[in-house]
Structure formats: C-alpha cells, structure tokens
Amino acid sequence: MLENSQFPLHWDASYEIVLALIEAHPEVDVELVGLQQLYDWIIALPNFVDDPQLANEGILNNILREWYEEVNP
4 MLENSQFPLH WDASYEIVLA LIEAHPEVDV ELVGLQQLYD WIIALPNFVD DPQLANEGIL
64 NNILREWYEE VNP
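Oh and the sequence shown: position 13 is 16 in this note's numbering, straight run, nothing missing.
None of these hints come from the bench; they were simulated from the model.
Among these hints, one or two may not hold up.
Distance windows between CB atoms, simulated [said to hold, decoys possible]:
(1) P76 x Q56: 14 to 24 Å
(2) P11 x D43: 18 to 28 Å
(3) D43 x R68: 13 to 23 Å
(4) E73 x Q9: 27 to 37 Å
(5) D54 x P76: 30 to 40 Å
(6) Y18 x A47: 27 to 37 Å
(7) D43 x E73: 16 to 26 Å
(8) V31 x E60: 32 to 42 Å
Where is the CB? At the ideal position from N, CA and C, for every residue including glycine.
Using the sequences plus the hints, can you model the full thing?
Here it is, written out as structure tokens:
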C-alpha cells in the first residue's frame, strides 16, 4: 500500500484523509467516532495543511461516511 501520509492533506481530499485516518487509527470502531473527535484527529494528522476553520458538519460527515464505507465494504 502506498504511504498516504507523504502528501499534503486538504479538506477537499476526503478519501486521502480517510486513508490517513485508517493508518493512524487502525483499530477504531468508526461508528463510535463523533464529529469533534474526527475533527481533532484530522487536524492532528502530520500532513494536514488546510485551514482548520474551514471545516463544517457537512465535510466531517462526508469524511466519516467515506471512512465507514472504506472499512465496511
């Protein structure tokens, strides 16, 4: 698998963010992740370079949905 954490991450790269989250938190139950926790984890990713103030509920829900779909094919 290609290491995803080498690329700068922005809010519009939701799939790449999901891959980085899977790498950073492989054992997490996605169904138990809240939006605030998700936000905190995303902005803590080492290659996240976007403005944290641009996040909104829609973006976070989309990332959470993509994460769920990626780990539950």
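Checked hints:
1. P76 x Q56: 14 to 24 Å: Roughly 34 Å apart at Cβ, these two residues miss the hinted range, so it is violated.
2. P11 x D43: 18 to 28 Å: Between P11 and D43, where Cβ atoms are some 19 Å apart, the hint holds.
3. D43 x R68: 13 to 23 Å: holds, 18 Å
4. E73 x Q9: 27 to 37 Å: Given range 27 to 37 Å: violated, Cβ gap about 19 Å.
5. D54 x P76: 30 to 40 Å: Check passed, 32 Å falls within 30 to 40 Å.
6. Y18 x A47: 27 to 37 Å: violated, 19 Å
7. D43 x E73: 16 to 26 Å: holds, 20 Å
8. V31 x E60: 32 to 42 Å: Violated: the Cβ-Cβ distance is about 20 Å, outside 32 to 42 Å.
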